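Engineer: Please model the complete structure; the sequences and the hints are all you need to start from.
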Amino acid sequence: MITFLKRAACLGLCLHLGWAQADTLQPPANASYLTADGAIAIIGNDGMQPLIEQLNALFIRQHPGFRFAVTAKGSSVGLPALTAGATAIAPLSREPWLGDLHGYEQVFGQAPLDIRIGYSGHGPRTNGKTPPAVYVHPDNPLKQLTVEQLAKLATAGQPGGDINTWGQLGLTGDWALRRIHVYGLRDDGGFATNQRMDRFGGRPFSPHYEALDSVGAVLKAVASDSHGIGLTGWANGAKLAPGLHIVPLASKAGEAAHGPALADVAAGAYPLSSYLHLFVGNAPAPFIKAYLQMALSDEGQALVRAQTASAEGYVPLSAADLARERQKLREL
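In case it helps, this note's numbering puts the sequence shown at residues 1 to 332.
In short, the hints are calculated from the structure, not lab data.
What you are looking at is a predicted structure, and each value in this text was computed from that prediction instead of being measured.
Note that CB positions come from ideal geometry on N, CA and C, so glycine has one too.
Mixed in with the good hints, there may be bad ones.
Restraint-style ranges between C-beta atoms, simulated for each label pair [to be verified]:
{"no.": "1", "residue 1": "Thr172", "residue 2": "Asn127", "range": "25 to 31 Å"}
{"no.": "2", "residue 1": "Gly202", "residue 2": "Gly109", "range": "20 to 26 Å"}
{"no.": "3", "residue 1": "Asp187", "residue 2": "Gln54", "range": "35 to 41 Å"}
{"no.": "4", "residue 1": "Lys73", "residue 2": "Gly243", "range": "33 to 39 Å"}
{"no.": "5", "residue 1": "Thr71", "residue 2": "Gln110", "range": "44 to 50 Å"}
{"no.": "6", "residue 1": "Asp139", "residue 2": "Ser251", "range": "25 to 31 Å"}
{"no.": "7", "residue 1": "Gly74", "residue 2": "Asp213", "range": "14 to 20 Å"}
{"no.": "8", "residue 1": "Ser251", "residue 2": "Glu105", "range": "23 to 29 Å"}
With a straight-line Cα cutoff of 30 Å, these simulated DSBU-like cross-link-like pairs (lysine-lysine) come out [as the list claims (entries may be wrong)]:
{"no.": "9", "residue 1": "Lys239", "residue 2": "Lys220"}
{"no.": "10", "residue 1": "Lys73", "residue 2": "Lys289"}
{"no.": "11", "residue 1": "Lys73", "residue 2": "Lys220"}
Structural biologist: Printed below as a string of C-alpha cells:
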C-alpha cells in the first residue's frame, strides 16, 4: 500500500509538472554518446562523480534498463565532449569557460541548455575548499564591498571611474590615501578571465592588478601585504594562508552583503557562488529531460544535500532558484 501511494503521489506530481512517466522511457539504441557496450556516457567534473553516480542509481531505480558510464576528468572536458557528441550530459562544478561555450555555439548555432542543480561549495571550512572569494589581510578594516566596487578596483574603465585607494572604499585615517594592491590569477582563459568577462563587463584588468600563477600565491601575497586584496577561485585558506579575512559582498549598493558561509550560499545570496551545472543539448531526448527533472526533484536535491558536509561541500538550490530551474524544463 505504501509503495502504491508513493507511486500515485509521484504520478500526480509528474503530471502536474508535465514530466515524462517512467514507463514511456526507453534507453537510446543509436546515439553518439553510447559506449562500446551501449552505456550512456556522462563526461565532466571529477568532484561531482559521487553525486552523478548517486543520481544515476536513482534514475535506474525509477527507470530500469538504463546504464551509465561516468568519465570524471574535470569540468574543462565536459562542454568539449558535449560539443563532440561524446556525452549525453556534461556536469560542471564551476561556471563554464567562455571558450568552451563559444565552441559549442559555433557548432550548433546556440548555447547548450544549462540546468543548475545546486551550488558548488561553502566555507571557510577546514575540510574543504571555500568558493571564489575576496580576501584581505587581517589588519585591514574593510567591512564589505559591492560587486560594482570589486569591478572598479580590479579592472579599468568601469562606468563611474576606477577605484585605486582605500579611501574610495570608505576607509579613513592612515588608510585613506594608500593605494590598493590587487592580486589575482592570470588572465589566461580560466577563472580570472571568466570573472572579468562575466562579472566585470569584459573590461581589462587594472594596471595595478598583479597576476600570479596559483591560488596559493594570491593568498600568500595578501597575507604579507596589509594593503593587498585578492580575488581568487576555490581555496582552502585555512591551510594556505590562515588568518585572512573574507570580505562579504553585496550584489548591489544598498543591499545586504553576504559571504560564502553555508547559510548564505543555501539562500542563493552569495554573489560569487558557482552553480553545479548539467549541460545538455538544446533538444534533449526524453530520457535526458527525465534525468534533469529527477535531479531537480526532492529526491535529487536530497542527494545534493548529502554532499554538503563532504570535501566538495555541494549545497542544494534555494527555493527561488529551484523554482526557476524547474520552470526551464516545463518550457521545453
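Engineer: Could you tell me whether the CB distance from Lys73 to Gly243 stays inside 33 to 39 Å?
Structural biologist: holds (35 Å)
Engineer: CB of Asp139 to CB of Ser251, is that within 25 to 31 Å?
Structural biologist: Holds - the Cβ-Cβ distance for Asp139 and Ser251, about 27 Å, lies within 25 to 31 Å.
Engineer: Could you see if the CB distance from Thr172 to Asn127 stays within 25 to 31 Å?
Structural biologist: Once the Cβ atoms are compared, 38 Å apart, the range 25 to 31 Å for Asn127 and Thr172 is violated.
Engineer: Hint check: Lys239 vs Lys220, CA-CA at most 30 Å. Holds or violated?
Structural biologist: holds (11 Å)
Engineer: Are the Cα atoms of Lys73 and Lys289 separated by 30 Å or less?
Structural biologist: With Cα atoms ~24 Å apart, Lys73 and Lys289 stay inside 30 Å; holds.
Engineer: Starting from the hint 20 to 26 Å, judge whether the C-beta atoms of Gly202 and Gly109 obey it.
Structural biologist: Given range 20 to 26 Å: holds, Cβ gap about 22 Å.
Engineer: Go ahead and decide if the range 35 to 41 Å is satisfied by the Cβ distance of Asp187 to Gln54.
Structural biologist: At roughly 37 Å between Cβ atoms, Gln54 and Asp187 fall inside 35 to 41 Å, so the hint holds.
Engineer: What's the verdict on Lys73 and Lys220, does the C-alpha distance respect the 30 Å limit or exceed it?
Structural biologist: Cα-Cα ~28 Å, so holds.
Engineer: Cβ-Cβ distance between Thr71 and Gln110: within 44 to 50 Å?
Structural biologist: Roughly 25 Å apart at Cβ, these two residues miss the hinted range, so it is violated.
Engineer: Take the C-beta atom of Gly74 and the C-beta atom of Asp213, compute their distance, and say whether it sits inside 14 to 20 Å.
Structural biologist: holds (19 Å)
Engineer: Go ahead and decide if the range 23 to 29 Å is satisfied by the Cβ distance of Ser251 to Glu105.
Structural biologist: Since the Cβ atoms of Ser251 and Glu105 sit about 27 Å apart, the hinted range of 23 to 29 Å holds.
Consistency note: the structure conflicts with the earlier hints numbered 1, 5.
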